[in-house]
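For the record, the sequence lines run as chains A and B. The numbering of the first sequence is my numbering, which starts it at 1 and goes up by one. The numbering of the second sequence is my numbering, which starts it at 1 and goes up by one.
By construction, these hints were calculated from the structure, which means they are not laboratory data. Cβ coordinates follow ideal geometry from the N, Cα and C atoms, glycine included. Some hints here could point you the wrong way.
[As the list claims (entries may be wrong)] Beta-carbon label-pair distances, calculated as ranges:
hint, chain 1, residue 1, chain 2, residue 2, range
1, B, 34, A, 65, 19 to 29 Å
2, A, 33, B, 32, 23 to 33 Å
3, A, 78, B, 11, 45 to 55 Å
4, B, 34, A, 112, 21 to 31 Å
5, A, 7, B, 20, 50 to 60 Å
6, B, 76, A, 34, 54 to 64 Å
7, B, 28, A, 154, 48 to 58 Å
8, A, 18, B, 19, 44 to 54 Å
9, A, 91, B, 11, 37 to 47 Å
10, B, 27, A, 90, 25 to 35 Å
11, A, 33, B, 18, 21 to 31 Å
12, B, 11, A, 81, 40 to 50 Å
13, A, 114, B, 40, 51 to 61 Å
[To be verified] Computed footprint of chain A on chain B, listed as stretches where at least three residues anywhere in the stretch have a Cβ under 8 Å from a Cβ of chain A:
hint, stretch
14, 17-23
15, 49-62
16, 67-74
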Amino acid sequence: MTKMSKIVRTIASIAFPFAMIYGLYVIAHGHLTPGGGFQGGAIAASACAMILVAFGSKWTLDKIKEKRLSVFESLGGIGFIAIALLGLVFGAAFFNNFLTGSNFLFGTIPATGSGLADINTGGVLPLMNFAVGLKVIVGLFVIVLVMAYAATSFKEDKK
Amino acid sequence: MSTRNIAAVIVFSIVAVFFIFTALLMHPFGVPDESDMDDYIIDNTQEETGANNGVTAVVFDYRGFDTLGEATVLFTAVAGVIMIFRRLKND
Numbered sequence: 001m002t003k004m005s006k007i008v009r010t011i012a013s014i015a016f017p018f019a020m021i022y023g024l025y026v027i028a029h030g031h032l033t034p035g036g037g038f039q040g041g042a043i044a045a046s047a048c049a050m051i052l053v054a055f056g057s058k059w060t061l062d063k064i065k066e067k068r069l070s071v072f073e074s075l076g077g078i079g080f081i082a083i084a085l086l087g088l089v090f091g092a093a094f095f096n097n098f099l100t101g102s103n104f105l106f107g108t109i110p111a112t113g114s115g116l117a118d119i120n121t122g123g124v125l126p127l128m129n130f131a132v133g134l135k136v137i138v139g140l141f142v143i144v145l146v147m148a149y150a151a152t153s154f155k156e157d158k159k
Numbered sequence: 001m002s003t004r005n006i007a008a009v010i011v012f013s014i015v016a017v018f019f020i021f022t023a024l025l026m027h028p029f030g031v032p033d034e035s036d037m038d039d040y041i042i043d044n045t046q047e048e049t050g051a052n053n054g055v056t057a058v059v060f061d062y063r064g065f066d067t068l069g070e071a072t073v074l075f076t077a078v079a080g081v082i083m084i085f086r087r088l089k090n091d
């Protein structure tokens, strides 16, 4: 995939931060509003895919390091399982929500029924949302990136 | 019409009748027969998990194993895509 026109590239650069912020917002508010790690990760990954489409896979691969993507995806997966295992250590079972009701992080329990949302609630749910979100962003972006790069190199082989 | 077409029409009509009867026998929308689990989750989610979003509470807390499987599926998909396209590049 080669670069697209300058108009497309400019619009993509302007829209990228907003799309990224929206995706991260959906991830961060996963325990309060509709959405969560998977959905917000998909939004943020589509923002990255937009950059990829506008600037081409060669440019994108020059800018980022492949190693770092693998580290981030592994960090998401390991973090998710680590939080689940911490439930086994501090709580009763695997995936136990040990932070709810504690005075530590995200420990507040909201009043039952509808009311104003408090970001400091949810126990381990926000942490798991972050882990899964990181994993989904990097995972989906890697899928698109590898496919785009393979298509480019395949075309060059044919020439 | 050939015999195959006639047979197809007959089979299609039987299946359509079954579907229509099933649709007519369904309980009305929004009034489930068994709602014990729904009621439990709606009543206790905020107290037990501290999250206002019941769906996220179910996905990450009550059914955490399911999400672990989903994350594994995503990982496998990424690994498979990378495997296929790396191969193509080296040929």
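Hints, one by one, checked against the model:
A hinted range of 19 to 29 Å is violated for the C-beta pair residue 34 of chain B and residue 65 of chain A, which are about 52 Å apart. Separated by about 25 Å at the C-beta atoms, residue 33 of chain A and residue 32 of chain B satisfy the suggested range of 23 to 33 Å. Restraint check, residue 78 of chain A to residue 11 of chain B: a C-beta distance of roughly 52 Å satisfies the suggested window 45 to 55 Å. Checked against the hint of 21 to 31 Å, the C-beta distance between residue 34 of chain B and residue 112 of chain A comes to roughly 23 Å, which is consistent with it.
As the Cβ distance of residue 7 of chain A to residue 20 of chain B is approximately 53 Å, the hint placing it in 50 to 60 Å holds. The hinted window of 54 to 64 Å between residue 76 of chain B and residue 34 of chain A is violated, with their beta carbons roughly 27 Å apart. For the hinted restraint 48 to 58 Å between residue 28 of chain B and residue 154 of chain A, the CB-CB distance of approximately 55 Å keeps it satisfied. A C-beta distance of roughly 45 Å is found between residue 18 of chain A and residue 19 of chain B, which places it inside the suggested range of 44 to 54 Å.
Evaluation of the 37 to 47 Å hint for residue 91 of chain A and residue 11 of chain B yields a failure: the beta carbon distance comes to about 55 Å. A C-beta distance of roughly 43 Å is found between residue 27 of chain B and residue 90 of chain A, which places it outside the suggested range of 25 to 35 Å. A hinted range of 21 to 31 Å is violated for the C-beta pair residue 33 of chain A and residue 18 of chain B, which are about 41 Å apart. Checked against the given bound of 40 to 50 Å, the beta carbons of residue 11 of chain B and residue 81 of chain A, roughly 49 Å apart, stay inside it.
Take residue 114 of chain A and residue 40 of chain B: their Cβ atoms lie about 18 Å apart, and the range 51 to 61 Å is violated. With 0 residues carrying a beta carbon less than 8 Å from a beta carbon of chain A, the stretch 17-23 of chain B misses the three-residue requirement, and the given coverage is violated. Figure legend: the stretch 49-62 of chain B, annotated as covered by chain A; annotation consistent (11 residues with Cβ-Cβ distances under 8 Å, at least 3 required). Beta-carbon proximity to chain A at under 8 Å applies to 5 residues in the stretch 67-74 of chain B; the threshold of 3 is reached and the given coverage holds.
When the structure is compared with the earlier hints, violations turn up for hints 1, 6, 9, 10, 11, 13, 14 and for no others.
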